[in-house]
Amino acid sequence: MDFGTVIDAALSAALGPQAIVFALAAIGLNVHFGYTGLLNFGQSGFMSIAAFGLAVTVVTWDLPFWLGIIVGMLGAVLLALVLGVPTLRLRADYLAIVTIATSEILRLIFGAVEFKDTFGGSNGLTGFARTYQDMNPYGGGVDLGIVSFSRNDLWSITVGWTLVALSCLLVFALMRSPWGRVLKSIREDEDAVRSLGKNVFAYKMQALVLGGVFGGLAGIFHILKQGSAVPTDFNTTFTFYAYAALLVGGAARVFGPVVGSMIFWFLIAGIGSFFSQATSGADPLLPDWLMTNTQASLIRFILLGLGLMLLMIFRPQGIFGDRREIAIDGR
Amino acid sequence: MTESPTTTSEHDKHVANAEGAVLRADNLIAGYLPGVNILNGADLYCQPGELVGIIGPNGAGKSTLLKALFGLVKIHEGSVSLKGGDITNQRADQLVTKGIGFVPQTENVFPSLTIEENLEMGCYQEPKKFQERFEFVTDLFPRLGERRKQRAGQLSGGERQMVAMGRALMMDPSVLLLDEPSAGLSPVLQDEVFVQTRNINKAGVSVIMVEQNARRCLQICDRGYVLDHGTTAYSGTGKSLSNDPRVIELYLGTLGQNTDD
Amino acid sequence: MRLAALLAAVAGVLTLLAPSAALAQATPSPTPPASAGAPAAVNPIVPGANITVTLLDLNGGKGDPKPVPGVGLTVLKDSKDGAEVGSQTTDTKGRVSIGIEGNGTYVVELDPKTLPDGVKLSGNGETVKTVEVKLASSNFVQFQIGAVVVQDASLGSKIVDGTRSGIIAGLLIALAALGLSLIFGTTGLTNFAHGELITFGAIATYIFNRGFGLPVVAAGVLAVIASAAFGYLQDRGLWRPLRRRGTGLIAMMIVSIGLALFLRSIFQYGFGGSTRTLSQYVVQGRQSYGPIDLSHKEIAIVLVSVITIVVTCLALMRTRLGKAMRAVSDNPALSASSGLRVDGVISAVWVLGTALTGLAGVLLAVQQQVNFQMGFNLLLLVFAGVTLGGLGTIWGALIGSLVIGLMVELGPVFGVPASIKEVGALVVLILILLVRPQGILGKAQRIG
Amino acid sequence: ACGSSDSEGSSDETKAAPAAAKGDGTLTIGTLLPQTGSLAFLGPPEFAGVDLAIKDINAAGGVNGKDVVGVKADSGDTDSGIAPAETDKLLKAGADVIVGAASSGVSKTVVDKIMSAGVVMYSPANTSTDFDNGDFSKPDLYFRTAPSDILQGAVLANLLIEDGRQNVAILARQDAYGETLAKEISKNLKNAGSTVAANVLYSEKTGPGDSQITEVADSKPDAVVLVAFEETTTIVPKLIQAGVGPKNVPTYFVDGNTANYGKGDAATLPDGTLEGTKGTIPGAEAAQDFKDRLATVNPDLKDYSYSAESYDATVTSALAAIVAGDDSGAAIAKALPSVTEGGEKCDSFEACAALLKDDPKADIDYDGVSGPIELGKTGSPTAASIGIYQYDSKNKIKPVKYIAGKI
Amino acid sequence: MAAELSEARAALAGVSNEPGAPKPDPIVKGSNITRTFGGLKAVDVEHIEIQRGVITALIGPNGAGKTTLFNLLTGFDEPNEGDWSFNGKSLAKVPAYKVARRGMVRTFQLTKVLSKLTVIENMRLGATGQRGERFFSAAFKSLWSSQEDANTTRADELLARFKLDAKREDFAGSLSGGQRKLLEMARALMVDPELIMLDEPMAGVNPALKQSLLGHVKSLRDEGRTVLFVEHDMDMVRDISDWVIVMAQGQIVAEGTPKSVMADQRVIDAYLGAHHDTDITEIDVADLEAEAEAELVAEAEENKS
Ligand SMILES: Nc1ncnc2c1ncn2[C@@H]1O[C@H](COP(=O)(O)OP(=O)(O)OP(=O)(O)O)[C@@H](O)[C@H]1O
Ligand SMILES: Nc1ncnc2c1ncn2[C@@H]1O[C@H](COP(=O)(O)OP(=O)(O)OP(=O)(O)O)[C@@H](O)[C@H]1O
Ligand SMILES: [Mg+2]
Ligand SMILES: [Mg+2]
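Chains as they are written, first to last, in the working numbering: chain A, 229 to 559; chain B, 469 to 729; chain C, 1469 to 1916; chain D, 113 to 519; chain E, 7 to 311.
Note that these hints are calculated values from the structure, not bench results.
As the structure is a computational prediction, the values presented were derived from the model and not from experiment.
Some hints here could point you the wrong way.
Quick look at which bits of chain A chain C covers, simulated, 3 or more residues with Cβ under 8 Å [unchecked claim]:
#1 340-347
#2 359-369
#3 456-462
With a straight-line cut-off of 25 Å between C-alpha atoms, the simulated SDA-like cross-links for lysine to any residue are [said to hold, decoys possible]:
#4 D:K317 x A:A506
#5 D:K317 x C:S1590
#6 C:K1911 x A:V313
#7 D:K457 x D:Y514
#8 D:K295 x C:S1590
#9 C:K1765 x C:P1709
#10 D:K489 x D:K510
Here a beta-carbon is modelled for each residue, glycine too, at the ideal position from N, C-alpha and C.
Next comes chain A alone, as it looks inside the complex (with noise of 0.2 Å):
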């Protein structure tokens, strides 16, 4: 058993641009759920359409790769203002069904085969990312001794984290103004709100503009990193899991999206190095007839499960979160 090998593993993917991703991802859905109380359960759909509209305009149209990204996160902005014109007047629980509904609908369109002229069908949309690598000033990766990086994930995750790193910026910023404690009043009680003369419409709808701009530089950064735009790279599971690590770490707290995206990173990595070490080799750790190498990938989910169960349990604000507040919502 080489701890090494565990903690390298668990410590880049914690470090590395798919945690990038998800802590974007969950920024925006802090914005959104953290702070103003919006139960958006689409975000894979605000990713969704900013990365099919870069792919779309490079690759299908053929237009530069700066002009894509703009077009991109109009397409989030866009679908906010869509989406949040008629449903911001459902209540929580509706919308997160509203929104889970548009983000598989995008998803099904993007990846129909119907349009596959345009959006490249289930296999989606490949060579638009040269401009994003040919910007690449590394020469090589880098070793730490506990962490290595490969020449390419080290320009993502520079990029990665300079992105996170302003979009906190951004949030601490906001978040402490008023304009923040009005989307924090809307999360209580949107009536007592409009009783003191704010627009409550106009405020969610910024947040969800907001959130949706930093779920598509997610979505934007996902296909950059990884060269491809797969529409079922889209789909719900990943809204969970952002969800996840947004509470594990704390909502409306500003680092909270971050920690929880890296800690979550971290779990899966680490948890599934060491089974894997652990059943493979001639002499493993654990013998074949407790677990085969094929179960010992599993093992890794179902333990993240029974994580994500624990930390909830024993820690229901998530790592930052403050424990008054939630005992105020306790039923």
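With chain A's structure known, arrange chains B, C, D and E with the ligands on it following the hints.
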């Protein structure tokens, strides 16, 4: 002595007189969050057939005290006993079986149930009694009878209060805990509530009521407590309390004293 | 239908014969030059790469297909104007086989003048086929004669079929939705592990059926009981302690996401990744009942689910448990103050809810066999059904689910691409919620 | 074959990558294959193929004097999105060649990552035609032993025409695999003169609903082609229910679902259900001998899909490393086409290695258990043989014949 | 200034005691406002005018439609028909937040505190025209911090007056029932409204505090604000209101000065009850019972006939 009670002597008084009480709480320390105590050694007893009033400033812990008695707030220290048996931290529904009824201050109706169903919940454990009790309650609040099929969530504030009071009366309890039963009711109904409470009490039910309509409360109760900062600050008969200058200063104020000027 | 079967059988026999016949006559001989008019007795299949055409007159599907002899066919390289590779006249079997060099583009041309009187090519009578040859053996090409004309199914029959499927799908969703709605309505828990409860019912059926060798019906009954027990244990072991600690609803929702992942992986761990079949009722054809075709298992599914749903709904309306559930849902503390055993009510709800959901799993297993993620795949539609009807309302869950089921299956009739047919239902869901934000049967709340 | 002719093939990315210096001396074969998710059923035979190959290679003396090392990772499915993280794990472990992924969709999510790390991505089961086009059309660092669906589509269409089917309905799963294969079959059918009665796709997640089955039935086909994975066990009963089951209409399977469905198999259908149904699987006959040998690494193996392709991918990588005298990804990639095309034929690692031992400059042409494997211009097999199988009354497949083709 | 204001009150002297009587200087004017729920006519107001600069009390039995009228006037509910204006401008169909911005702010009978915000944050939220509430200036603290400080100072003053200063940093969700009422009222005052509409502001507030708050309400009036409140506490109504409007079954049934209204026999019968001024203990319970019995007998007889 009764003229200048201090906190410690309040406790002595309590120990001296609480013997044989139907419901008795000793030195309760309780709160919602770990480390923050709302009740700091509150004492209370209620002799059989007594009507006890609790008054006190907002946030003094009156509601918390009732909830603690009824098992809805965790008691860290101290004890509650019913007819001599210990009931500290027992579950609310068990206490209902033992004959305690409770009307909370807020959120005291089931919004999605109709009025009739709300009242039915009052005698959930004895559905047979429903018809008889229902007639009694609708006599008291005719409006509830008229609107029996309306969902409680649509009712006006006062109407809800009627439903809440009605639900407690459906239970036919031996000890009744009321948290501001008259709040939000029109004056005529407030009087009605006080009179009916007195009537119920006369019929042998021990009643502990928290009230902000303090004068009325002190008028009808046998004994009153003034709660402040989670402890029993003063206690005595209703009359003695309403004339106690310190109580007036701390709590009663002078509004309505000189009505006819 | 019978005709098709017959055809198939004949074709099958032919297929089995064909290769052996070809082998038997594998006399290497160069392609004889085309001798127009006189049909060759037999055109052997050329070894190596070749293009083979068999002209058969299907006669509109009436009777056996008849070979059409004496028709001239020419193979050209690359295009119509390319070099001629070979030319032959169909033999008594209607066959020509022309040797070619290897991979490349070839054009096969049929000489329409040589067609016997009264024989016409089907379709638009195209006499030229361009093929991309990749195989080093026979490359078969077809010219259709007397092909069966398939009438498009009428809109009416499509609607009838769609409605039947929609109702069955809707009823299965409704059973699960009822379970979800009960649990949500009473505890406020948005249970993302609900799909796994469906799977649980299905897998339990499989285990009782295949593992213990019980008949499917008995296995189904046991599976429902097992589901109920599972629900009870889940509540006792997980949700009740959480409620005791005053865990918030959102935290509980995340717990349910964790639980879903946990259970799904456990199922896969034990059950494996593939779809498995029950021992009975797997293959069943449909019979006609008036305009509707139904198989026996579909009838059984409809009856079982309708009866269960109606009985449950009526029971919930009539009994005290129904009211107690709504009371607990509104305000657990006040319910306790009224003497309700809140935990008891919630346990009862879990037992009932998981039993219903388990039943959905059992019926789904009969309908489409058993897979470790079958419930998870259905979850979105279950949620959609519950929401559409109005969260927490019992009849609403039923109506919402039926609407969703119908929309999914009827959508393709009205132009939703079948490959993404869920889109139709989801769009309808969104539209209805825009008009009635509280769901079909939900009630608006009072302000102030 | 000559190894140098492909030098312009390595993409810009490879060049930019850390100068793909000489390997570390040990050939490390990573496997990125499904252990979880909806494709998990494809995993065991593929893992077994790789394991067996490594065993054989090491038994024959390893590569460049050292034993080959295997590391495993789970590709999951496209839903779980774990493939990138798992790939990292393999790259960390120093993999020079990554055998995987099984699904074309998953492959696409990691192919950039793997190639830019200077590692060979070598899929035993990607059949999507996409990997013949665009960016992947060069034999850079992406290879596969599974023939592209172009060939299977042609063979299956040819089979249908041969059987006299004139009006064929295709029911396919909607993913990279199903869509392209269905497209190829349909294209070839139309070219050859047959009608395509219906081309119906269903969601890979939930399987076909009744509306799709009805669409197939309503088109009154004289044959049905079912392009599916393991959901076949749920689809066949539905087809039967709608009156278009294998008993009523001749049915054809493809490599995704041509497996045994009899007693004792992972998935079963009632006896006789599939009798007469035909299916195609790329690859030469999985000889009983090979199956027996697979049993030595995984005695529970029931299904053999892509086991031969996985085996061959591993063996050819090892041979390429020997030819190049270097185990780095770039070197292997350069040598790979030459060990599979032209030259002295050999059909096992032992035999090929022996040839190379005698003459390090020898030009060999490995023909493996899965077929002749000629990795042509696109890094995909240009020639392959495709087996046609038929079901007996016990739902077991029996080979009927093997058809060789070239793209 | 004060003289001018007492003028407003004095002007009321000339107003007739008819329901819906016109006022000399109305701030709110409405007519034909109806709202039905199913078959129930919850509000059916023919005409209503609220005098500027005075304290008007709205009283009536439970379920009379007072809260519903508040909801309608402030845009939280939509009437079946009706039109009303504030400061001469029509408010029909104007959304709630705009109503509040025009200077007409209400509180809720069932309190709506923002549980997970602290008390002081609740207060700050009330302030209007905050620069920091605009998205584009929010991210830059320098743009709004001075305004925030000013608001905080004002909020602290109010909190002190409402005896909530000790709870300043606590979550509003942890306040007691009475404290919530206080917070809600204080927060509404942060809006700095022209007309403040209080729905049972003193229900559950302890008498001593109530008394001191009454002084505060009066000073609001003296600052030039108009106050409209619903209350069941007659001591309070009598003490501070300049004008009383009585609603029953959705309609305005009486208006007038507190004295005259409370002397109105119909109001006493329907609302106040015979004993509202007497000490309950002085009523012999036996008497009451006899009274109730007699009523019952009478009713029974009525039913018979
Ligand atoms: N759920 C809760 N969580 C935390 N603190 C609470 C909670 N409920 C009440 N408190 C605090 O406990 C103290 C006492 O509250 P309680 O409701 O008992 O007061 P009260 O005497 O009934 O006042 P009122 O007359 O205003 O109803 C208050 O300071 C309040 O802030
Ligand atoms: N959303 C609703 N649906 C149905 N009925 C309603 C609704 N809102 C109010 N009502 C009914 O309208 C009537 C008037 O209610 P309202 O709340 O205005 O009374 P109120 O005068 O404020 O009474 P209280 O003094 O008790 O607060 C009540 O009978 C109530 O039941
Ligand atoms: Mg209280
Ligand atoms: Mg009211």
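Please verify whether K295 of chain D and S1590 of chain C have alpha carbons no more than 25 Å apart.
holds, 24 Å
Chain C over the region 340-347 of chain A, status - at least 3 residues with CB closer than 8 Å:
Per the Cβ count (3), the hint holds.
Has the given pair, K489 of chain D with K510 of chain D, been kept, meaning a C-alpha gap of at most 25 Å?
violated, 33 Å
For K317 of chain D and S1590 of chain C, compute the direct alpha-carbon distance and say whether it is at most 25 Å.
violated, 39 Å
Could you grab the alpha-carbon distance between K317 of chain D and A506 of chain A and see if it respects the 25 Å cut-off?
Measuring from Cα to Cα gives roughly 32 Å; hence the hint is violated.
For the pair supplied as a hint, K457 of chain D and Y514 of chain D, confirm whether the alpha-carbon distance does not exceed 25 Å.
The given pair, whose Cα atoms are some 20 Å apart, holds under the 25 Å limit.
Three residues minimum, CB to CB under 8 Å: does the region 456-462 of chain A make the cut for coverage by chain C? Let me know.
Violated: only 0 residues of the region 456-462 of chain A have a Cβ under 8 Å from chain C.
Hinted pair K1911 of chain C and V313 of chain A, Cα distance within 25 Å:
Holds, at roughly 22 Å.
Mind checking the alpha carbons of K1765 of chain C and P1709 of chain C for me, to see if they're no more than 25 Å apart?
Not OK: K1765 of chain C and P1709 of chain C at ~41 Å, beyond 25 Å, violated.
Okay, the region 359-369 of chain A and chain C, do three or more residues pass the C-beta test at under 8 Å?
violated (count 0)
When each numbered hint is compared with the structure, violations occur for hints 2, 3, 4, 5, 9 and 10.
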